[in-house]
Every structure is written in C-alpha cells, then in structure tokens.
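Engineer: Use the sequences and the hints to build the structure in full.
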Amino acid sequence: MSRGLLPVKNVFEEVGVMMILTVRTLVSAVKPPYPYGEELVWQFLFVLKLSWFPLVISTFALNFGAPGLQAAGILSLIGGLDRLGGFFVVIAIRWIGPVVTAVVVAGVAGTAITADLGARKIREELDALQVLGVDPVKNLVVPRFLALIVITGLLDIFAIVMGLSAGIAAELLYHQSLGGFFATLFSNATITDLWSSVMVCTMFGAIVAVVCSYKGMSASGGAAGVGRAVNQAVVISLMAVFFFQFVVSSILFATNPELQAVR
Amino acid sequence: MIGWLDVPRSWLDSFGEIGRFGLHVAGQVYSGRAFKFFGESVRQAGILIFGSALIIWAFVFILGLQCGLQGAYFNRSIGAPSLAGLFAAYCDLREGLPYAFGYILAAKVGTGIVAEIGAMRIFDEIDALEVMGIQPITFLCATRLLAAWIALPFLYLVGIVIIYGASYFSVVNQVGDVSSGGYLLIFWMYQSPPDLIFSLIKGMVMATVIVLVGCYYGYTATGGPIGVGTATAKSMVFNIVAVHIIGMLGTVVFWGANPRAPIGG
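Which chain is which? The protein sequence lines are A and B, in order.
Note that my numbering gives residue 854 to position 249 of the first sequence, counting from 1, and the numbers run on in steps of one.
Note that my numbering gives residue 107 to position 18 of the second sequence, counting from 1, and the numbers run on in steps of one.
These are computed hints drawn from the structure, not numbers from a lab.
There may be inaccurate statements among the hints.
Partial selection, computed: residues in chain B whose CB lies under 10 Å from chain A [stated by the list, open to error]: (1) GLN155; (2) THR321; (3) PHE327; (4) MET337; (5) PRO348.
To be clear about the criterion: a stretch of chain B counts as covered by chain A if any three or more of its residues have a C-beta under 8 Å from a C-beta of chain A, and this derived list gives those stretches [said to hold, decoys possible]: (6) 139-150; (7) 187-199; (8) 204-211.
Predicted, not measured: the structure shown is a model, and the values here were computed from it.
Glycine included, C-beta positions come from ideal geometry on N, C-alpha and C.
Structural biologist: Shown next as structure tokens:
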C-alpha cells in the first residue's frame with residue numbers, strides 16, 4: 606500500500622476496533638454475571654458531580670448569546686418578539702441541548718475516563734486484572750458506558766431547561782411579556798422534538814464512552830502517552846458527535862413532516 | 090470521591106493563577122522577548138498548520154452543514170423558506186464559526202499543548218532549560234502564543250469560506266427549497282465587513298485563552314504519568330466553559346445593542 610493512503614487505512618482500522626469494542630461492551634453488559642453494579646453507581650455520581658456545573662453555565666451562555674440575543678435583535682426590528690418561543694424549540698431543544706450536553710460530557714467526563722483508564726494501562730493494572738481472571742471490559746468499560754448513556758439523557762433535560770430560561774432572560778431583556786414566548790413555544794413543540802432530543806443525546810453518550818474508553822485502554826508511551834490519548838479521544842468524540850448529529854437530524858427532518866408544519 | 094461543589098471551587102482557586110500566568114506570557118510576547126526565539130515560533134506555527142488545520146476545517150464544515158439544515162427546515166416551518174439565507178448568515182459568521190473554532194481548538198490544540206509541556210515538566214526538561222539559561226516560560230509558552238497569533242487568523246478566514254460552502258450545499262442542494270440566487274441574495278444582504286471583523290475578534294480571543302490555559306496546565310503538571318492525563322482533562326473542562334462565556338460576552342458586546350440587520354430605517 607502506498608504511503609499516501611496510510612492515514613486512511615489507520616482511520617478505518619480505528620473505527621473497526623471501536624465497533625468491535627462497542628459490540629463486546631453491549632454483549633457483556635447483558636450477559637450474566639453482573640459484577641459492575643457498585644462501580645456503575647460510583648461512576649454515575651462521579652460524572653454527575655463533575656459535569657453539572659460546566660453544563661449549566663455552558664448551556665445558559667450559549668442559548669443566551671447565540672439564539673437569544675441574535676434572534677431577538679432581528680425579531681424586535683420586525684415587531685415579532687413573541688415568535689422567539691417557536692425559534693427556541695428549533696434551537697434549544699432540537700439542536701443545542703443534545704450537542705452542548707455531548708460536548709460538555711466529552712470534555713469533562715470523557716477526558717476523565719481516558720485519563721483514568723490510560724493511567725491504569727500505563728501502570729499495567731489492566732494486564733494484572735486480566736491475569737487475575739477479571740475482564741476489563743466487563744468491570745471497567747461497561748459501568749462507564751451505562752453511566753454515560755443514562756447521564757447524557759438526564760443532563761439533556763437540564764440543558765433544555767437552562768436553554769429555555771436563557772430564552773426567557775433574552776425576552777425579559779427586551780421588556781417583553783412572557784405570554785407570547787410560552788404560547789409560541791408550546792404551539793410549536795411536539796413530543797417528537799423531546800424524545801428525539803433525549804434519544805440522540807443518549808447515543809452521543811454511547812459514542813463518547815466507547816471512544817474515550819478505547820483510547821484510554823490503548824494508551825502507550827509513558828507520561829506523554831496518557832496526555833496524547835486524552836487529546837485524541839476528545840478530538841475523535843467531538844468529530845463523531847457532530848457528524849452523527851448531522852446525519853440523525855437529516856433523517857429526522859426528512860421522515861417527520863409534522864416537524865415542519867406551519868403553525 | 091469529589092463533592093458537588095468541588096468543580097466551581099477549584100476554578101475559583103485557579104482562576105487568579107491562570108490570569109497572572111496568562112498576563113505574564115502575553116507580556117513576554119508584547120515586550121518582544123519572545124521574538125528572540127522567532128524561529129521556534131515559526132516552527133510551532135508550522136506544526137499548528139500541518140497538524141491541526143485539516144481537523145479544524147473538517148469540524149467547521151460539519152457545523153456549516155448543520156447550520157444550513159436547521160435554517161432551511163426552520164424557515165420552512167415559519168412559512169418563509171426563501172429566507173434560509175438569513176439564518177445561515179447569522180449562524181455561520183456570527184455564532185457557529187467562533188464556537189466550532191473554539192471547541193475544536195480546545196480539543197486539538199489546547200489539550201495537545203498540555204500533553205506536550207506536561208510531559209516536559211514530568212521528565213524535568215523544563216528544569217534543564219532553566220539550567221541552560223533559557224527562560225522556559227518564554228521559550229515554551231510565549232512562542233506558542235506568538236505562533237497561534239501568526240497562524241490562526243488565516244486558518245479562521247479559510248474556515249469562513251468552508252462554512253459558507255457547507256451551508257450553501259445543505260440549503261440549496263440537500264433541502265432545495267430555495268434557488269441558488271435567492272439564497273445568495275439574502276445571505277450576502279445580512280452580513281457586512283464589520284461582522285467579519287467582530288467574528289474574527291471573537292475567535293481570536295477564544296484562541297488566545299485556550300493556548301494560555303493549555304500552557305498553564307502543562308507548565309504546572311505534577312505527579313507522574315497520571316498527572317499529565319489529569320491536567321489535560323482539567324484544561325479541557327476550563328476551556329469549554331471559557332469558550333461559551335467568551336462567545337456570550339462577544340455577542341452582547343458586538344451585537345447586543347445593535348443587531349446590524351438591513352431592516353427598517
């Protein structure tokens with residue numbers, strides 16, 4: 606194979622190994638015995654305590670600046686500030702909620718997972734576990750995977766709540782009553798919006814968990830190796846999450862015409 | 090096990106230190122002391138361009154596709170599909186590109202700097218530099234900041250071209266509610282050269298903060314191989330929140346009082 610194609614080959618190999626890890630994680634999650642209960646609770650609380658504060662600040666700031674002030678500026682010029690509620694269904698629920706949750710979880714919890722597993726790999730603890738007959742995938746990857754899936758779905762709700770309160774803040778900044786905001790919000794929002802947002806977000810959690818666990822477990826090369834693993838893990842997670850979001854929202858819009866009905 | 094309030098408390102602890110460190114590094118560049126190592130700066134700029142440019146542009150391209158898609162469907166749902174260019178113009182230039190640039194820069198460049206400088210700290214290479222009579226902060230941090238200021242504005246400007254192309258593709262070719270001419274008319278009408286300058290300022294402030302935070306966490310890494318990984322993770326947490334806060338403040342300062350739209354008198 607020529608040298609120019611080597612990066613392409615490496616990308617396909619990495620994706621393939623991550624797919625294999627995903628399947629192995631899913632299989633060992635459902636196959637008894639279930640030794641990971643305690644670790645699951647621990648990881649769940651760890652991720653929640655680590656990421657609630659960055660998530661609250663990030664979603665409020667992003668929703669207040671990007672859709673809040675920019676759209677309110679345009680809408681106040683054409684005298685339709687009550688329409689901001691309908692706009693926030695599109696932005697805060699369908700788009701920013703899941704994406705910012707995934708970015709925060711990848712940056713906060715994903716990096717912590719990679720650093721933790723990478724350190725264990727460098728200190729050869731993973732090999733020691735295997736010698737003792739303990740499966741690292743079942744005991745280390747599965748609890749992190751399940752914890753991230755549950756917690757991204759949960760944090761997505763908080764992201765939506767904080768996003769809508771940022772919209773309310775933008776509305777109040779323009780001295781507008783909130784009746785119009787809530788009226789257009791509830792007339793535009795559908796159940797499909799909410800469940801698709803939460804479902805997509807749980808899948809983001811799965812992507813982040815698999816990528817970060819894989820990169821941590823394949824770290825090599827001493828002190829610089831763990832740092833490099835964290836670097837690659839977070840870059841790959843972000844690219845995968847944004848690409849996945851584009852594909853899913855293309856399919857969602859094309860297959861659910863009620864999302865585009867004029868209200 | 091960490092407590093519920095440990096993350097905000099640790100930020101309050103380290104915020105002053107990061108500010109002082111950042112001002113020191115920026116002062117080294119501003120006073121011209123970093124230009125003593127100008128060759129190193131150019132080498133770092135080269136690493137930035139060859140190592141990160143393609144990833145930054147790929148990320149920006151995906152966000153541009155998403156901006157166009159959401160804009161096209163939102164404008165269909167309010168019964169004005171021909172105005173998709175308005176959403177795309179605002180989303181691309183004013184908000185989307187700075188955020189995309191900030192995210193991927195924090196992920197690729199920021200954590201990369203922490204991993205690199207942190208490993209140097211663990212292997213005592215920084216002390217060795219000091220023994221050799223070279224100021225480590227100037228040689229390692231100030232040159233990286235200078236390199237970011239040399240290279241990143243151009244990566245950002247090329248990113249604008251890429252995000253515009255991606256939005257055009259998804260509005261006109263993928264969804265196809267509006268013709269090419271109709272889209273471009275509205276798209277170019279709702280932006281102006283000052284918007285470009287403001288957007289560039291926003292992106293460059295984010296880049297500066299990200300490089301400085303990366304240098305701080307790398308320079309102060311302790312505790313062996315695990316320490317480097319932990320420092321890398323911490324820098325990412327700080328950078329994500331910093332990117333969002335800078336984005337919000339930029340919007341408030343540049344477009345908060347005046348939406349700069351061609352509507353009304």
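Engineer: Just to make sure I understand the rule, a stretch counts as covered if three or more of its residues have a C-beta closer than 8 Å to a C-beta of the chain. Does the stretch 139-150 of chain B meet that for chain A?
Structural biologist: holds (count 3)
Engineer: Let's test the interface hint: is any C-beta of chain A closer than 10 Å to that of B/GLN155?
Structural biologist: Given a least distance of 5 Å, the restraint on B/GLN155 holds.
Engineer: At a threshold of 10 Å, is the proposed contact between B/THR321 and chain A supported by beta-carbon distances?
Structural biologist: Holds: closest Cβ of chain A sits about 4 Å from B/THR321, inside 10 Å.
Engineer: So is the stretch 204-211 of chain B in contact with chain A by the C-beta rule, three or more residues under 8 Å, or is the coverage claim wrong?
Structural biologist: Holds: 5 residues of the stretch 204-211 of chain B have a Cβ under 8 Å from chain A.
Engineer: Holds or violated: B/PHE327 as interface residue toward chain A, Cβ cutoff 10 Å?
Structural biologist: holds, 9 Å
Engineer: Count the residues of the stretch 187-199 of chain B whose CB lies closer than 8 Å to any CB of chain A, then report whether that count reaches three.
Structural biologist: With 6 residues closer than 8 Å to chain A, the stretch 187-199 of chain B meets the three-residue bar; holds.
Engineer: Please verify that hint: B/MET337, Cβ, nearest Cβ of chain A, below 10 Å or not.
Structural biologist: holds, 4 Å
Engineer: Hold the hint about B/PRO348 up to the distance rule: shortest CB distance to chain A must be less than 10 Å.
Structural biologist: Given a least distance of 3 Å, the restraint on B/PRO348 holds.
The structure agrees with every numbered hint stated previously.
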